[in-house]
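Asker: Now for the letters of each chain:
Protein chains: 4
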Amino acid sequence: MAKLYFRHGAMDSAKTMNLLAVAHNYRKQGKRVVLLKPQLDDRFGRGRIASRSGLEADADMLVSADTVFELDRFRDVDCVLVDEAQFLAPAIIDQLRMMSLLLDMPVICYGLRTDFRTESFPGARRLMELADSIEEVKVTCQFCGRKAVFNLRMVDGRAVVEGEQIVLGDAQYAPVCGRHYIDRVGIAGLRRLGMTMPAGIEEG
Amino acid sequence: MAKLYFRHGAMDSAKTMNLLAVAHNYRKQGKRVVLLKPQLDDRFGRGRIASRSGLEADADMLVSADTVFELDRFRDVDCVLVDEAQFLAPAIIDQLRMMSLLLDMPVICYGLRTDFRTESFPGARRLMELADSIEEVKVTCQFCGRKAVFNLRMVDGRAVVEGEQIVLGDAQYAPVCGRHYIDRVGIAGLRRLGMTMPAGIEEG
Amino acid sequence: MAKLYFRHGAMDSAKTMNLLAVAHNYRKQGKRVVLLKPQLDDRFGRGRIASRSGLEADADMLVSADTVFELDRFRDVDCVLVDEAQFLAPAIIDQLRMMSLLLDMPVICYGLRTDFRTESFPGARRLMELADSIEEVKVTCQFCGRKAVFNLRMVDGRAVVEGEQIVLGDAQYAPVCGRHYIDRVGIAGLRRLGMTMPAGIEEG
Amino acid sequence: MAKLYFRHGAMDSAKTMNLLAVAHNYRKQGKRVVLLKPQLDDRFGRGRIASRSGLEADADMLVSADTVFELDRFRDVDCVLVDEAQFLAPAIIDQLRMMSLLLDMPVICYGLRTDFRTESFPGARRLMELADSIEEVKVTCQFCGRKAVFNLRMVDGRAVVEGEQIVLGDAQYAPVCGRHYIDRVGIAGLRRLGMTMPAGIEEG
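Chains as they are written, first to last, in numbering that gives the first Met the number 0: chain D, 0 to 203; chain S, 0 to 203; chain A, 0 to 203; chain E, 0 to 203.
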């Protein structure tokens, strides 16, 4: 039984490179893969899926919030691969879930779990509800050797806690462990984010 | 660096038994564990954490939506274990996250991912955002040998799609794979749940 | 497609309790499980599979190095569960591997990876070669909060590096992390075990 | 506490590409990585670590069976990455294990688990004993959509069961699931390999 996968990872964890490696492996075996990405994400040009390491491939389809997939068009597909899946609408994840089950076809979604405020993106939230398998693509914290779990938004070298959820191209992000997230955002910043604190924390 | 864990599993996956095994192991090594559960869950009596297999233990603390943990009271604790963590308020998960980081103390939360409508419980949703490690406690589908991912609510032997998110004691639940979830709820039922479908699905 | 699993864990990681939880879950769903254990292991009485937490069950079959399984006797079995699988002969693991594939039946083996000298047990070594899924049952180090990976053999409270691979009932064991394994065995002890060292290690 | 990792995968699972992605991420963060490979493996030229997808990098060091690492030379290293780790001598794995523990430095080894006869390579066997974390790099079976677990050696399009463990450059390999391993090697071939069978298997 083919699965719906959510392979999440912090910023710069080489998720796209992993996706391209999987696509490469399927194609080398003579199998047919379909590459999807959200319409929103056009950092590397519309219709390109590009890893920071230099590898890239064409997306077969750009997906928007009101896309309706035709089941019949996927009947001979061996695997669907989705880049930047965190930006997909929940209704798209619903459809991918149904397609995986009805066509016995693996659907592998790569994406971020949460934004710079530790809130999940809509596509990631729905994937966390519906995926058969939740796997992690790891990267170390920008500031130490621990695994990164959170994403800092940096402006002029400083962590910020305000702004829109998605600011493509403009802001810079750093993958960080929990300890460095606290360190850079600060206790006051965490409170501004709405994070509830236990009693007895020293500010600073 | 101690982690915040979310160990999720469908109904009847022996999550509580796993929790009690971990508690047993810590105590056998002379370490101090604190067992928490939400105030809501009193199926087995207030303050008891009981596995269906017969093992049980006392909860050290019942947690409600407005509980504020005192950091100092956890300074000599080796591990916090949480049963039925899906019922916790997001504000409680926030605090557990901070306690884990500030005290370098592992916090291991066991719970369901989603309700009978495939929607995440509030505590589970926040854990999926904040946990360092997301792990699965597996159980097979009630109706086949595949892994269960969803939970059916059964009334008089039939799957239902309506009702409150939490109905303690009254309804019955079955862990099911995606295929049997579709099979029992039906395409019409999925639509009533608000699940968006791809085009070209045959009803029935 | 059903899998062959190797769920390994250090001493006292509640492997047997996990096995009994899985057996309980299968039986609760009206499915048929077969429990196996090596003939060698009779700590808790011949034919009993007993967890230190108090739970126990009857083994359906004791397996020796020359056991030959009858494929037909497993045709209506939903799952085979194996306790103390590290003690099984490689020829038994071969057969379990074939049975899993030919009958599309999951076989879940629980056991230690390595002995007190960091050498793999024969059944564990073959499982590491043939298993579809290698999973870990975790326990913390006896002496700190890190995950245990090695097993110390203790005599009169001191770690020893000599003796037979299997000493049932007599010796005592402690699960330890790598750092405490080095600490207790000592650099000289590691050399006596045949462990090759990099240059520049200070003794002591 | 930094870990020793064994990331195993069947042939063509993009292990080297994963290694290069990890190296890229460390370097992007300004951290220092050391890339090792066994002296034996010179398919892509001595001293190159090359992925079939086109990415490549220089190995910092070629390791032979009698290499002795100088602990002091690794004191400012953030991560050691090893390609084709299955070919390393057990004595090398011992040293990597000690270095990881004594320097608190992650060592990430990529390699095959087993050869075309389902027997572990020497480096893989020792890694399975000593690694803190055993992870899988997945690839699908050449002949179906299931996960590959075994490696077929192919000569003129047919699976063979005889020959040396390592034949670089000459033979061809295919990653396969257990079912297709049996199918291509055949029951008679499995017996020639020394695989012990349960009773009641039909030949052919």
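No wet-lab data here; the hints were simulated from the structure. Keep in mind that the hints are not guaranteed to be accurate.
Pairs involving identical chains hold if they fit within one copy or between any two copies, as the list cannot separate such chains.
In the SDA-like style, the derived pairs of lysine to any residue whose C-alpha atoms are separated by at most 20 Å in a straight line are [what the hints assert, rightly or not]: (1) Lys27 - Asp57; (2) Lys27 - Gly185; (3) Lys2 - Ser132; (4) Lys30 - Phe142; (5) Lys2 - Val136; (6) Lys2 - Ile133; (7) Lys137 - Glu201; (8) Lys30 - Ser52; (9) Lys27 - Glu55; (10) Lys2 - Asp103; (11) Lys27 - Thr66; (12) Lys30 - Asp75; (13) Lys137 - Met60; (14) Lys27 - Ala56; (15) Lys2 - Glu134; (16) Lys137 - Met10; (17) Lys30 - Ile133; (18) Lys27 - Asp65; (19) Lys27 - Pro89.
The model shown is predicted, which means the values in this text are computed figures rather than measured ones.
Asker: Look at each hint and say if it fits the structure.
Answerer: Evaluation of the provided hints:
1. Lys27 - Asp57: within (16 Å within a copy, 25 Å between copies)
2. Lys27 - Gly185: neither (48 Å within a copy, 25 Å between copies)
3. Lys2 - Ser132: both (7 Å within a copy, 16 Å between copies)
4. Lys30 - Phe142: between (41 Å within a copy, 10 Å between copies)
5. Lys2 - Val136: Both: 18 Å inside a chain and 16 Å across chains, each within 20 Å.
6. Lys2 - Ile133: Both: 10 Å inside a chain and 18 Å across chains, each within 20 Å.
7. Lys137 - Glu201: Neither way: Lys137 and Glu201 sit 31 Å apart in one copy and 34 Å across, limit 20 Å.
8. Lys30 - Ser52: between (25 Å within a copy, 17 Å between copies)
9. Lys27 - Glu55: Classified as both: same-chain Cα gap 16 Å, cross-chain 19 Å, threshold 20 Å.
10. Lys2 - Asp103: both (8 Å within a copy, 18 Å between copies)
11. Lys27 - Thr66: Neither, since 29 Å and 36 Å both go past 20 Å.
12. Lys30 - Asp75: Answer is within; shortest intra-copy Cα gap is 9 Å, inter-copy 35 Å.
13. Lys137 - Met60: neither (27 Å within a copy, 25 Å between copies)
14. Lys27 - Ala56: within (14 Å within a copy, 22 Å between copies)
15. Lys2 - Glu134: both (12 Å within a copy, 17 Å between copies)
16. Lys137 - Met10: within (10 Å within a copy, 22 Å between copies)
17. Lys30 - Ile133: neither (24 Å within a copy, 27 Å between copies)
18. Lys27 - Asp65: Close neither inside one copy (33 Å) nor across copies (37 Å); limit 20 Å.
19. Lys27 - Pro89: neither (32 Å within a copy, 33 Å between copies)
Figure legend: structure checked against the earlier numbered hints; hints not met, in rising order: 2, 7, 11, 13, 17, 18 and 19.
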